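Asker: Chains as they are written, first to last, in our numbering: chain A, 1 to 897; chain B, 1 to 467.
If you are wondering where the hints come from, they were derived from the structure by calculation, not from laboratory data. Be a bit skeptical, because a hint or two may be false.
Unchecked claim - Which residues of chain A face chain B? A partial, calculated answer using Cβ under 8 Å:
1. 433
2. 438
3. 489
4. 490
To be verified - Calculated lysine-lysine pairs in the DSS-like style (CA-CA distance at most 27 Å, straight line):
5. B:86 x B:451
6. B:425 x A:187
7. A:357 x A:127
8. A:544 x A:777
9. B:373 x B:425
10. A:90 x A:649
11. A:65 x A:127
12. A:187 x B:230
13. B:369 x A:488
14. A:748 x A:649
15. B:253 x A:422
16. A:454 x A:364
17. B:253 x A:454
18. A:510 x A:90
19. A:748 x A:101
Just so it is clear, the structure is predicted and the values come from calculations on it, not from any experiment. Glycine is no exception: its CB is placed at the ideal position from the N, C-alpha and C atoms.
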Amino acid sequence: MLEFQINTPNRGLHLHLVARLMVAAAIMGASVSGAETPAVTQFRREVEPVLKEYCSDCHADGESKGGVAFDVFKTDAALLHPDLWFNVLKNTRAGLMPPSKKPRPSVAEQQTLERWIKYAAFGIDPKNPDPGRVTVRRLNRVEYRSTIRDLMGIDFNSEVEFPPDDTGYGFDNIGDVLTISPMLLEKYMAAAKDIVGEAVPLVGKVVPERSIPGSRFTAAGTAQDPGMGRGRGFGGRANPQEAMRTMNYYEPATVSMATQVDKAGTYRITLDLAVKGNFDFDPGRCLIVFKVDGRELLRQEFGWYDNKSFSFDFDAKWEAGEKKMTFELEPLTPVEKKINSLDMRIARVRLQGPLEKEHWITPKNHERFFTRQAPDGSAGRRAYAKELLGNFAARAFRRPVETATADRLAALAEGVYTTPGKSFEAGVAHAMVAVLASPRFLFRLEEPADATAKDPVSDVDEYALASRLSYFLWSTMPDDELIALAGKGELRKNQAAQVRRMLADPRSEKMVQNFSGQWLQTRDVEGIAINARAVLARDDGTEKQARQQQAEFRAQLALRTNSLQGAVGLLSTNTVGGTNAAGPAGFAAGKKGKQGFGFRRPVAPRVELDRELRDAMRNETEMFVSSIVHENRPVTELIDSGYTFLNEKLAKVYGLTNLGVTGTEMRRVALPSGSPRGGVLTHGSALVVTSNPDRTSPVKRGLFILENFLGTPVPPPPPNIPSLEATEQDIKDRELTMREAMQIHREKPLCASCHARMDGIGLAFENFNAMGMWRDKERNQEIDTAGKLITGETFNTVAELKRILATEHRGDFYRCLTEKFLTYALGRGTDYYDVESIDQIVGRLEKGNGKFSALLMGVVESAPFQKMRTRATETASADPTEAHNGVARGAVKPAKP
Amino acid sequence: MNTNPLLNRNLAAERMASLSRRRFLRGLGACMALPAFESFSPFNLSAAPAALPGVAGKAAPVRMAFIYVPNGTIPSAWWPGGDAGKDFVMPPTLEPLAKVRHEMQVISGLDDINADPGPDGAGDHARAGGTFLTGVRIKKTAGSDIYAGVSIDQVVASQIGHLTRFASLELTCDSVRKAGNCDSGYSCSYEYNLAWRSPTQPMSPEPNPRLVFERLFGTGSPGERVQNLKRRQQEQQSILDFVMEDANAVQRKLNGRDRQKLDQYLTSIREIEQRIEKAERMPVSNPAMEAPSGIPSNFEEHIALMSDMMLLAFQTDSTRIATMLFAGEGSNRTFTEIGLSEGHHNLTHHRNVQDSVDKVKQIDFWYMKQLAKFLEKMEQTKDVDGQSLLHNSMIVYGSGNADGNRHTHTNLPILLAGSGGGAFKGGRYVKTKPVPLTNLFLSMADRLGAKGIERHGDSTGRLEIIA
């Protein structure tokens, strides 16, 4: 029925709201069928003349460029459909429509259009905008990890244990795509069990215990035992070998250390040793002697094992004081007989004691989960369990729990601690596992402030607000202060002060990392594949040589690893010049089957995008964004600024070698005047993630800025586009610069319409190669960075482009950044009904000189962040998913005959 | 003395870390030398009585797997020349399969038209991935309301999944995910998930071989694994009761998509309950080997380990249905191991430039070698009926893109390996008139004993030419 075709999500929801609007308009006085609603009347009177004047050449009178025509609405519903007007709003605001060569509406006319779209077509009430609806959010794995750290006091490496979360709208905290599967729930249950097992002590009193890593035993014997620390995370990262002392079977050795014992009593000493040999046999034998203060406790011979652990324990009566522990290794086999390596490893020495009951202590973490020792009677125990578990569940669920829940948890605990051999603590721990597996922990469930209200919109309640704030700013659960304020109903009142407090807390770095990591794709720097050799060769104009070397390498590799037949089959079609020169020699050598035949890997390139450099790049961007956030600087500095953060390695890659930046530590550096760096766009991170593995991609760079800074993404490309390399292939006699190749690439008018928007922007960054390094030449030719934006502004250098983006396009940037930040804050994509809220935040940014605080407080105080649709609204609405299901099923095309 | 299972597990992890992959594979080799099941704790064949359909020969079950390779393949190197039948010449890309040729069919003429742009425009990669096993048009959305269809593996699993401890197994060798959007306005879910339990619930695949192993067989050393698994399941039961009640209470207050989320949670709980109940009936196998130690940094090893996990799951009859992504659709992985610095996806848009075409062929060939290694192992592994595990399986290998250069979705590169326990005739090049890929899936589903599936996605019938 609709006369225009525009792809947007949520069509079902739009229709529903339009229907609502129409009903509302009808009630407001327009007569029944046939008569115009006020929105339509206003359209005819105020808007249509503007459209006729400026748009009708292409979008009326039989013209419908881009599938848009303004004079073919068959019904009022079609006229008022938000999809169309959302696009009109975006395009006119960004200056994309009317095109730059055509006359444009005056400011007043533009405002008339915008007002009508927002308040009539969208039906937004500026005083009470629709807050939209956020699908209940599951904690993503980043949030899960930090929530567990705050709740349980331990670090659980969810990035190893859980599969990656899906993303939507560019972020991984979007409720709609955070699904749950049986496998994931199973993992949650296993994780809950592991976490509680690690964090919660299962008994009230334990024998004091210490573990001394083997590495503390040294030849000098000077190490003092600092006592046992358990800060280490678990879930796969520990490197146990670092903590061991390794001794060769064939070298005599004596290692020792001293430890302080405070109380006299019986101690149990446990030695954890391991023999680590080669997979193949070795005849070596050795004697190990262990002594405490000269008294021998162990004398034992060992032979070969490929990998075997041993444990020995002894009880000893000790007086208080210093104990010196010594291991001696005596070789029993002459070194001449050695075939393979064979080592004795001291994994650790454990000391338990005094074993006498009066010396037992409350275990670590006991006070975190238990307020006192468990009482004796069953009623007292049950009451205590209920109290403990009620409090724990309230913290975990981030809101108070009903008595019934506490009762059920207490019953769960009782079921365990009343079975023989189980402690009270074990029962409570079992119930805690249930809490961590509950949907109330795993999902962020929100309540309206007034559950009985009939209004379509309500504030979220204070507990939900506490969670919204803490997951937005900290990516973790609310702390005690937020919950306490929410409990008193005073959080909303003190919101501004709380946001300031939260921003000052180091946990706010999570917002910086998680928001900018995804908005600017900084996270991708870690995994992106860049071939340094190819990139540098292009800068130096030595691609041909490099390609030749590579072809050789591949040919030889293919020979070595494939069947000869397969390799020949593949190589016979290889037309890369230069292969032939290396080919026959390679083949001949290959047939002889010699090891290492002519296997010549080209020398390492002078700069590699290695781990350290990637880390430095990511840190630069994170520290820089953090400085904008924490120093409350204008957000336009994200585009253009006079400082950045560097370490020696990154400074070198940037060619900033005269600033005296040395060492691995990242620090703030004022950029020399005239430096092309400054602002995230010329950070290595952004330049790298918008490149291909072997060269820059002006298209990706242009698109990156259009999507993430100007908010005017171009439509996706049509199928069958040739690659840039394919274009180059057509010109055989010389190598094209990137700019020339792009020109040929977009010569079709259809391509040019979008590429005109992207390429000029992307090409301005051509002085930066695919690793973010400055270069003066590409393929031995000068680089031309001059260009023009679709909106008409011209620039010669990247510095000028950045200035234009930060000044003339400041408004577009504010709006784009606001949309991204709001998406991250809400956990849902923004839609047409958010336009007013976004405009209000942009207005605050304009008034507040673009300071970050204006953005942050604008988001926090916005309707979508503060409010929710009530169930009254939701129940009345058709379920959008249901509406969609019909569409999806209908869209299944009949199969071919 | 140390009763904390987690600490034990950490110690076990330390031990594991020191084990080389070679050692792991040696263990696997030892298992494979024996007929399936016999090397493990006694297997109760009553789980698969001979009378049941989907059970081949002397009570050996039929297994089904789908292995996905992204970005299509170079058609000229994929398709055998000449006529259909037994005497086809092995094309270059398929050469690594020479040793298992007798157990495979190259099938031409299969289409996935719902991956065509249709009204949805760009996004052929997301569509190729999202439609491959579902056969339906997927909803174009960046985030909210993802909507595909139920995938064939899950359709079958819902019928025969109760016969094994795991209804199905979802694996991936692609552990890196992009930040930001995926393909032209499609959610990343479509590219990273093959299996869909419902149109809105993708089954996220597991990338970590250690976690696959522990999920199948329990944690800890071989000696303590079965015990650990049992203990964990017993403890789970009371917790499941609690969270089920919690979820029901919460769900009553929700509607729309929120309710859907809780539905996902509740179905997941029910599934775990069923598994516990099953574990009481069906003994757990205990492979005589250490668990692998995690995701290897080397891609080839990663694929090898994940393939081993699939083989083990089939061999021990822990499941009969599996899906595995070699890489997510649209993958732009570089193959430095064979000297290619360009990304796979970039390369596939070669516009017939010979150098790029050749490089893609090398990638196709490389992936095929990984498949061949897996199939050869399947062939060497004896099943309970004395046949090879491969013989008793149906393994589809292929892509939802045919020609990656032009994003075509007709005449897809599809291989069917294994004979489904003798139901299919291997060693052939099969040409069919253009039919939906889903027709093949229906014929496979029948062999597993699924009943009453009239249609799947865009299917128009069965593909009995393979029998």
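Asker: Next pair to validate is residue 65 of chain A with residue 127 of chain A; report whether the Cα-Cα distance is within 27 Å.
Answerer: 36 Å, violated
Asker: Does the alpha-carbon distance linking residue 510 of chain A and residue 90 of chain A stay inside the 27 Å limit?
Answerer: 31 Å, violated
Asker: Please check whether residue 489 of chain A passes as an interface residue: C-beta within 8 Å of a C-beta belonging to chain B.
Answerer: 22 Å, violated
Asker: Does the interface hint hold: is residue 433 of chain A within less than 8 Å of chain B, judged Cβ to Cβ?
Answerer: This interface hint holds because 6 Å falls under the 8 Å limit.
Asker: Please verify whether residue 544 of chain A and residue 777 of chain A have alpha carbons no more than 27 Å apart.
Answerer: 16 Å, holds
Asker: Could you grab the alpha-carbon distance between residue 187 of chain A and residue 230 of chain B and see if it respects the 27 Å cut-off?
Answerer: 16 Å, holds
Asker: Quick one, are residue 357 of chain A and residue 127 of chain A close enough, alpha carbons at most 27 Å?
Answerer: Violated - the C-alpha atoms of residue 127 of chain A and residue 357 of chain A are around 69 Å apart, more than 27 Å.
Asker: Can you confirm whether the C-alpha distance between residue 748 of chain A and residue 101 of chain A stays at or below 27 Å?
Answerer: Holds - the C-alpha atoms of residue 101 of chain A and residue 748 of chain A are around 20 Å apart, at most 27 Å.
Asker: Measure nothing beyond the straight line between the CA atoms of residue 86 of chain B and residue 451 of chain B; if it is 27 Å or shorter, mark the hint as holding.
Answerer: 31 Å, violated
Asker: Under the criterion that the straight-line Cα-Cα distance not exceed 27 Å, is the pair residue 425 of chain B, residue 187 of chain A satisfied?
Answerer: 41 Å, violated
Asker: Given the hint that residue 369 of chain B pairs with residue 488 of chain A, does the C-alpha gap stay at or below 27 Å?
Answerer: 65 Å, violated
Asker: Going straight from one Cα to the other, do residue 90 of chain A and residue 649 of chain A come out at no more than 27 Å?
Answerer: 42 Å, violated
Hint compliance for this structure: hints 3, 4, 5, 6, 7, 10, 11, 13, 14, 15, 16, 18 are broken, all remaining hints hold.
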